[in-house]
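Enquirer: Listed below, chain by chain, are the residues.
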Amino acid sequence: MAKEKKRKAAEEAVDGDDYIEREDKNPKKQKLILASQIKNKEKRSAVYAKLKHEKRVEKRKKIKARDAASKQALELGEEPPEKMVPRTIENTRELDETVCRPDDEELFAGNDADEFSAVLKQQTAPKVLITTCRFNSSRGPAFIKELLSVIPNAQYYKRGTYELKKIVEYAKNKEFTSIIVVHTNRREPDALLLIGLPDGPTAHFRLSNLVLRKDIKNHGNPTSHEPELVLNNFTTRLGHRVGRMIQSLFPQVPNFRGRRVVTFHNQRDFIFFRHHRYVFEVKEKKEGLKDKKSKASQGKTEKKAIARLQECGPRFTLKLVSLQHGTFDTKGGEFEWVHKADMDTSRRRFFI
Amino acid sequence: MQNDDVIWDVIRHHHCSYMAKIQTGNFCRNPYNVTGICNRSSCPLANSRYATIRDHDGIFYLYMKTIERAHMPNKLWERVKLPKNYMKALEIIDKHLEYWPKLLVHKIKQRLTKMTQYRIRMVKLSKKVREKIMTVPRKEVKRESRREEKALRAAQIENVIEKELLERLNKGVYPDICNYDEEIFNKLLDKNKEEEQEEEEEEEAEVEYVEGDYELEEEEELEEDIEDMGDFLKANNFEDIEGDEDDLEEQPAKKKAYVSYPLKQDDGTEKVRRKGKKVVVEVERDEDMGNRQHNVM
Chain A
1 MAKEKKRKAA EEAVDGDDYI EREDKNPKKQ KLILASQIKN KEKRSAVYAK
51 LKHEKRVEKR KKIKARDAAS KQALELGEEP PEKMVPRTIE NTRELDETVC
101 RPDDEELFAG NDADEFSAVL KQQTAPKVLI TTCRFNSSRG PAFIKELLSV
151 IPNAQYYKRG TYELKKIVEY AKNKEFTSII VVHTNRREPD ALLLIGLPDG
201 PTAHFRLSNL VLRKDIKNHG NPTSHEPELV LNNFTTRLGH RVGRMIQSLF
251 PQVPNFRGRR VVTFHNQRDF IFFRHHRYVF EVKEKKEGLK DKKSKASQGK
301 TEKKAIARLQ ECGPRFTLKL VSLQHGTFDT KGGEFEWVHK ADMDTSRRRF
351 FI
Chain B
1 MQNDDVIWDV IRHHHCSYMA KIQTGNFCRN PYNVTGICNR SSCPLANSRY
51 ATIRDHDGIF YLYMKTIERA HMPNKLWERV KLPKNYMKAL EIIDKHLEYW
101 PKLLVHKIKQ RLTKMTQYRI RMVKLSKKVR EKIMTVPRKE VKRESRREEK
151 ALRAAQIENV IEKELLERLN KGVYPDICNY DEEIFNKLLD KNKEEEQEEE
201 EEEEAEVEYV EGDYELEEEE ELEEDIEDMG DFLKANNFED IEGDEDDLEE
251 QPAKKKAYVS YPLKQDDGTE KVRRKGKKVV VEVERDEDMG NRQHNVM
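These protein sequence lines map, in sequence, to chains A and B. Residue numbers for the first sequence follow full-length UniProt numbering, so the first one is 1 and each next one is one higher. Residue numbers for the second sequence follow full-length UniProt numbering, so the first one is 1 and each next one is one higher.
There's no promise every hint is true.
As the list claims (entries may be wrong) - Simulated pairs of lysine to aspartate or glutamate, EDC-like, Cα-Cα distance not exceeding 16 Å: (1) 127(B) to 163(A); (2) 304(A) to 162(B); (3) 165(A) to 162(B); (4) 319(A) to 148(B); (5) 283(A) to 162(B); (6) 166(A) to 144(B); (7) 132(B) to 163(A); (8) 139(B) to 311(A); (9) 142(B) to 281(A); (10) 139(B) to 344(A); (11) 163(B) to 281(A); (12) 124(B) to 163(A); (13) 132(B) to 94(A); (14) 340(A) to 140(B); (15) 331(A) to 144(B); (16) 319(A) to 144(B); (17) 132(B) to 190(A); (18) 128(B) to 163(A); (19) 319(A) to 140(B); (20) 150(B) to 90(A); (21) 127(B) to 329(A).
Just so you know, these hints were derived from the structure itself, not from any lab.
Could you build the full structure based on these sequences and the hints that come with them?
Expert: Below, the structure written as structure tokens:
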């Protein structure tokens, strides 16, 4: 019974399967069997190796044919056959209806009325208070030191045993615009709490993959010029809000002479933080046998401007755990967004 | 019937299910026990006249048992609610246990003291805010780290940053980046001059460029926008002017921006210098660039 089933399955064999034909004396009785069903290990591995080799050869042939076709088409002046676009997770991301669109009036109106507009419109300068959880150890202090150098106009206060709500009040009195709380777990900074003031939202991020400046090879030393900010891929409404929150930590007028850039890059709901110093250079490219001094530009520039980066400062990733409306109040506050285990079920669904 | 000694004998020497033997001594688990120790005088079963204080929801009750009710276990214990005030509670205890053995009364008062103390402490603690430790299942931790790695690889951060910076450079966000090599500039300049002479249309486009710097100013203010926002704002600003033309002459025009540095120009590049002047006009409006004016002057 089982053998019959296997035979039927073999007859409906898909191309990708490793079926081999077993030649029988009686041509009518030719059977298709899976390479993995041969019991003898040596024979089985030999057969499998042969199969793989055949597949590889076929694949190479296909690629060659494709390249030749496109080359031919170019030479003939026709359009080359369309290049195949690989399927990526970003390509196949689930459609999100909260993605910000460029013509969204509501979005702009919302931006004007939200908590960061005062800082972002340069009516107030950002002033950041950095503190920690009650027990701070090991890499915590080093990380905080580096944060102080990244964010201009930031001050560090020791935590003591004050309640977080009291700290929020204290900061409001001293006219801070945001609080960063670095939380340590098992001697490693673990979470970042970003509280906007006076009544800004509270964002709770999980911190991971922290690399301090001294652990980066060939690191640079940041200056005290105001950095430029690059925020990538914050597409949805939630992402936009988080992006603006991050933006409100930094002064809005960067000093380009300093050539410092701070990047928050969002990829699949992970926000990667990088801090670089950059330099623009002109790179000369020789195009084959062309003379460098040929004046006519033939569609391919010989000198291109490139940017070179030198990494300085810490490197870490953040993942948003929850966004709460209003200042820190876990019991009574209204949560705009909370991460639930449910949200991880689809590999193509992202929220930021 | 009810002979305390007999009961005690039986319980103590054979088996009492309330007795807990620990290293330090014998303790009694009976909830009605005053002291909590397994003793002849503290055993609620072996004393026909007994009293305790028990706590229910933060309110203390004085429980009393008398021999008269020994045959009715249901109605054995009589209880009296004690006020939250410590002194008043003491008075009430005195009133109810007036003719009882002093030792027992003393023990009860001690118990009351201890219970009020820990009630105060409990209230204080519950008001205090403590961190709650949330556990994360290991599977999720591993899953997150795996996904993070893959996201990192997909992100290609350095390339993206470099592209973004170059875009900004081309848009003209940086008015004053002075790390170009002079020689190469001159070469570029020559090349551009040649291009100019070939195509005269660019001159016309120049006129539009003056309008263009209006947009550039706005862009400088908003340069910290999110990538997408940068695009939409560009779309908004460039509404009246077609995008193509701007892109075309922005690049060569921008290259001219650096002309103002090498002052030792031949007069052959007069045309170019004129353009340079125009550029300075644009830059004048920018706050940062007070220095530049000196250069040209």
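Enquirer: Compare the structure with each hint and give your call.
Expert: For each hint, the structure was consulted:
1. 127(B) to 163(A): holds, 11 Å
2. 304(A) to 162(B): At roughly 13 Å apart (the allowed maximum being 16 Å), residue 162(B) and residue 304(A) satisfy the hint.
3. 165(A) to 162(B): Violated. Residue 165(A) to residue 162(B) sits at ~41 Å, over the 16 Å cutoff.
4. 319(A) to 148(B): holds, 9 Å
5. 283(A) to 162(B): Judged against 16 Å, a Cα distance of about 14 Å means the pair holds.
6. 166(A) to 144(B): Violated, because 33 Å separates the two Cα atoms, which is more than 16 Å.
7. 132(B) to 163(A): holds, 14 Å
8. 139(B) to 311(A): violated, 33 Å
9. 142(B) to 281(A): violated, 42 Å
10. 139(B) to 344(A): holds, 12 Å
11. 163(B) to 281(A): holds, 13 Å
12. 124(B) to 163(A): With a Cα-Cα distance of about 14 Å, the restraint between residue 124(B) and residue 163(A) holds, given a limit of 16 Å.
13. 132(B) to 94(A): violated, 35 Å
14. 340(A) to 140(B): holds, 11 Å
15. 331(A) to 144(B): Given pair residue 331(A), residue 144(B) is violated - Cα atoms ~27 Å apart, limit 16 Å.
16. 319(A) to 144(B): holds, 10 Å
17. 132(B) to 190(A): The given pair, whose Cα atoms are some 15 Å apart, holds under the 16 Å limit.
18. 128(B) to 163(A): holds, 8 Å
19. 319(A) to 140(B): holds, 13 Å
20. 150(B) to 90(A): Distance ~12 Å between residue 150(B) and residue 90(A) Cα, so the pair holds.
21. 127(B) to 329(A): This hinted pair holds, its Cα atoms lying about 15 Å apart.
When each numbered hint is compared with the structure, violations occur for hints 3, 6, 8, 9, 13, 15.
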